[in-house]
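**Q** Chain V is already provided as a structure; the job is to place chain X with the ligands on it using the hints.
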Amino acid sequence: MVGVLMTTPESARVEPEAAQPDVETTVAELAPLYRQMLAIRRMEEACAKAYSQGKIGGFLHLIIGQEAVCVGAVAAIQRDDYVVATYREHGHAYAKGIAARPIMAELYGKKTGLVKGLGGSMHLFDKATNFLGGHGIVGGHVPIGAGAALASKYRGDGRVTLCFFGDGASTIGGFAEGLALAALWKLPLVLICENNRYSMGTPLYRSLAVEDVSLRALAHGMARDRFDGDDVVKVKRRIAEAVERARTTGEPTLVEIVTYRFRGHSMSDPGLYRTKDEVEEWKRRDPLHRSRDRLLTLGMAPAELEALEEDVRLEIEDSVRFAEESPAADSYLPYVIKE
Amino acid sequence: MPIISYREALNQAMREEMERDASIFVMGEEVGHYNGAYKVTQGLLQRFSERRVIDAPIAEMGFAGIGVGAAMVGLRPIIEFMTFNFSLVAIDQIVNNAAKIFQMSGGQFNIPIVFRGPGGPAVQVGSQHSQALESFYAHIPGLKVVMPSTAYDAKGLLKAAIRDDNPVICIEGETLYGTTGEVPTEDYIVPIGKGDIKREGKDITLVAWSKMVWTCLDAAKQLEAQGISCEVLDPRSLRPLDVELLVSSVRKTGRCVVVEVGWPMCGYGAEIAYQVQRHCMDALDAPVERVTSDDVPMPYAKNLEDRCSRSRET
Ligand SMILES: Cc1ncc(C[n+]2csc(CCOP(=O)(O)OP(=O)(O)O)c2C)c(N)n1
Ligand SMILES: [Mg+2]
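Sequence order for the protein chains is V and X.
In my numbering, each residue carries its 1-based index in the first sequence increased by 1.
In my numbering, each residue carries its 1-based index in the second sequence increased by 6.
Bound-form chain X, shown alone:
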């Protein structure tokens, strides 16, 4: 199997889907002539022309809404946010329109749209640019939320998101774009709502998504040296959540720690902890633990940033 980058995997997913379905277009800031702020849309303008790869000015509310309108009447937009921090400017379109119109219209207008782009803190970019917003979006009925951690999952999940008839939020790892992994050449999807065991173990289940999967795999290696066998479970989709896989893993290990880059209060890990206690109470050997960033806007200085994001138990 070829080894490609996470960035290239996302690019292939869009390219292949656009070849397959002429109703798919990409819109966002710098996606065309600049080939993407993070080069995820590299070469798409050249291949598909300005009709289907549309450089939008800085107007997130506008182009997110344009995507929703176009999706109502039969197109399948992929809207790129340069980073998900800027999706906050467009959140009205996502939450009040994309997520609501199918139900509001009595099932007449579904919204087949993908909102994608990088999320999560990068390095020293300050509080307005260092946010993990998956818990916001996972809160909203009417949306699906996926967060790939590997190149394989990135391609498969983005393809599934593009083919899905509903609004899907695909939050990519800003610091994962350069990572590489095996990706098959033949067509495949990763079904939305299916988690994945990234490493098998028997003593404890570490639940993590996106970048934290890699952190947990590292931790698992270190703990192995101390004789502790960790299972690393990557839900891949936060909404819907693969509760079945979570339950079977924790029933096997009897322990669970959720590791996320986001804030503790109302963070997604709280939902996982709830599901675990609800379904595995009798199998738990210890309370579910959470590891999150500190409960503050992200500071700029490197040492403070490290301290703030360093594994904190809540």
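Only chain V is shown next, with the shape it has when bound in the complex:
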């Protein structure tokens, strides 16, 4: 038989669910989540602009469209819990409590950058907030997340680790091994697959024989969850269940959140592998607009909402000014080997 290699057969394809009803919430809960999502959106728009002006270099991967995932998930943990993320991590870093100023300055390659201009967009790290990195090798950071969780179990410090990765990472060894070990040793880890339906130009059905990453938990006897990432409050609630499990029983969970990136994979990707209709369809589900509408429905005064938005605008403008005015990075030698 001369054949073409198979990918997911039609019958095993998993189409995204239609938009789901809102989860119950209050203005007090939702407003700060909305603020974070908006700040991330504005920050990344500013990044894209600076990139096109040549002020930011290298690879720049934007999370625009997916903000509810990192914001909702990080809202479900405590300040000293750990977060490990990919190269698409500006939002995760911000949600973890890192200010826009050092993030923006890092992307500009400045001395005042979060990692002194050494890492750039893909490699944000922050010890103060237990943000364990932006990692550039797909899947390579999943065992690192499991390692932080192992340390928590070892010390009995009660912390939980959130490890974020893409749908495309679900086929690489780092993910498979990290998952297996976390299950075997019952590590307080929440593995969060941000399924934005594509790894670069490849739709998930051409990557996985069964287009459902969460099912991979079954073989390991691990808890799993799978839902859409449109509603930031829903993300918060469902991740909170996994966090609670990790904290009280020490057991890991594999969570798959279906979402969508509005932009290309990185700034150099025109995204020709998706139809305009598809992108427009997802833009109608924009988590940011959804939260904003919800706040108004819940009775938040429009003036109050606009004040919040103005505040965000000023914050991001300030971060850009800070980055522009900061001195250039000046040194790399002290950090090769710790003396």
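Quick caveat, the hints were computed from the structure, so don't treat them as lab data.
Worth double-checking, as some hints may not be accurate.
To be verified - Computed cross-link-like contacts, SDA-like style, restricted to lysine to any residue with a CA-CA straight-line distance of at most 25 Å:
(1) Lys112(V) x Asp301(X)
(2) Lys339(V) x Pro303(X)
(3) Lys277(V) x Arg291(V)
(4) Lys128(V) x Pro303(X)
(5) Lys308(X) x Asp270(V)
Stated by the list, open to error - Pulled from the structure, derived: some chain X residues nowhere near chain V, Cβ distances all over 12 Å:
(6) Ser111
(7) Thr186
(8) Thr221
As the structure is a computational prediction, the values presented were derived from the model and not from experiment.
Just so it is clear, CB atoms sit at the ideal spot from N, CA and C, and this is done for glycine as well.
**A** Just chain X with the ligands now, kept in the frame of chain V:
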């Protein structure tokens, strides 16, 4: 002779070899529908269909190993790494399997496979994406390593690599894809293990491969104005190395500087320096010098990156 890009030259090499031999297939991330992350496989899917141009998910260890297995039983895979940084995920398959199986099996199973893709730092892509890994691979017996600097060499070396019955690592210059050069229309190969004098000179031999050949040609021009005549020697293959050409060049000039983008410690230039002192000791007018990047992971900021990669003597 037509002038084409380095990228197009590589594309032609694969296309022509695939036309010639039905056992050759291409596998890698985004090689098919996306036409390659760097567009090197442009149009191959359309020409050869999904059977022979296979989009692999992100599983370098898996598809490198699949290539080795298929090669054991008679196929001739071309495995593309989106960049060689990601070959580190697959290094077990390359070093422990591809390089060992022919000898381990007492000569029964040779592995005719090509691992190819861009290597070396690009611009501001940070430490995990800015690595020159040729010294790693050149260290391994059982592998061949080629690094073309021109469109002509790219096509000829890749063809030779595809026809070779052994695993060949072909590291392309990420920043060379858009460069152009003369490439004949008729079939030719550049034999693996044959170096090339890219510019003749009499006072000093500059040894460089891939992108650094161009840097050295620039330097040679500048030095010419100061009355120094540089010979630029491009080994093209790092394993096997054309020691004969190296020796004859340095015996003529009496001086040698090796220029590489990689790190100094155990870098490939150290091997060249050893070969030169071993075979040209009596002809040397000065110690062999090396120019490398700084001995650190590559920083992101442009000014630091420039400083780090700027010619450093070791
Ligand atoms: C091991 C490895 N192979 C390939 C790459 C190149 N690469 C970077 S991101 C990416 C796609 C990842 O897709 P996914 O995991 O779905 O995350 P997303 O970008 O969608 O957030 C690829 C192939 C890499 N960084 N690491
Ligand atoms: Mg993805």
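**Q** Now tell me if each hint is right for this structure.
**A** A quick look at each hint next to the structure:
1. At roughly 21 Å between alpha-carbon atoms, Lys112(V) and Asp301(X) fall within 25 Å of each other, so this suggested pair holds.
2. Of the pairs offered as hints, the one joining Lys339(V) and Pro303(X) holds, with about 14 Å between alpha carbons and a cut-off of 25 Å not exceeded.
3. Straight-line distance between C-alpha atoms of Lys277(V) and Arg291(V) comes to about 21 Å, which keeps the hinted pair within the 25 Å bound.
4. Our distance criterion of 25 Å between C-alpha atoms is met by Lys128(V) and Pro303(X), whose separation comes to about 20 Å.
5. Using a Cα cut-off of 25 Å, the hinted pair Lys308(X) and Asp270(V) holds, with the two alpha carbons roughly 22 Å apart.
6. Taking the minimum C-beta to C-beta distance to chain V, about 25 Å, the non-interface status of Ser111(X) holds against the 12 Å cut.
7. Residue placement check: Thr186(X) keeps its beta carbon more than 12 Å from all beta carbons of chain V (closest about 21 Å).
8. Even its closest Cβ contact with chain V, about 20 Å, leaves Thr221(X) beyond 12 Å, as expected for a residue assigned away from the interface.
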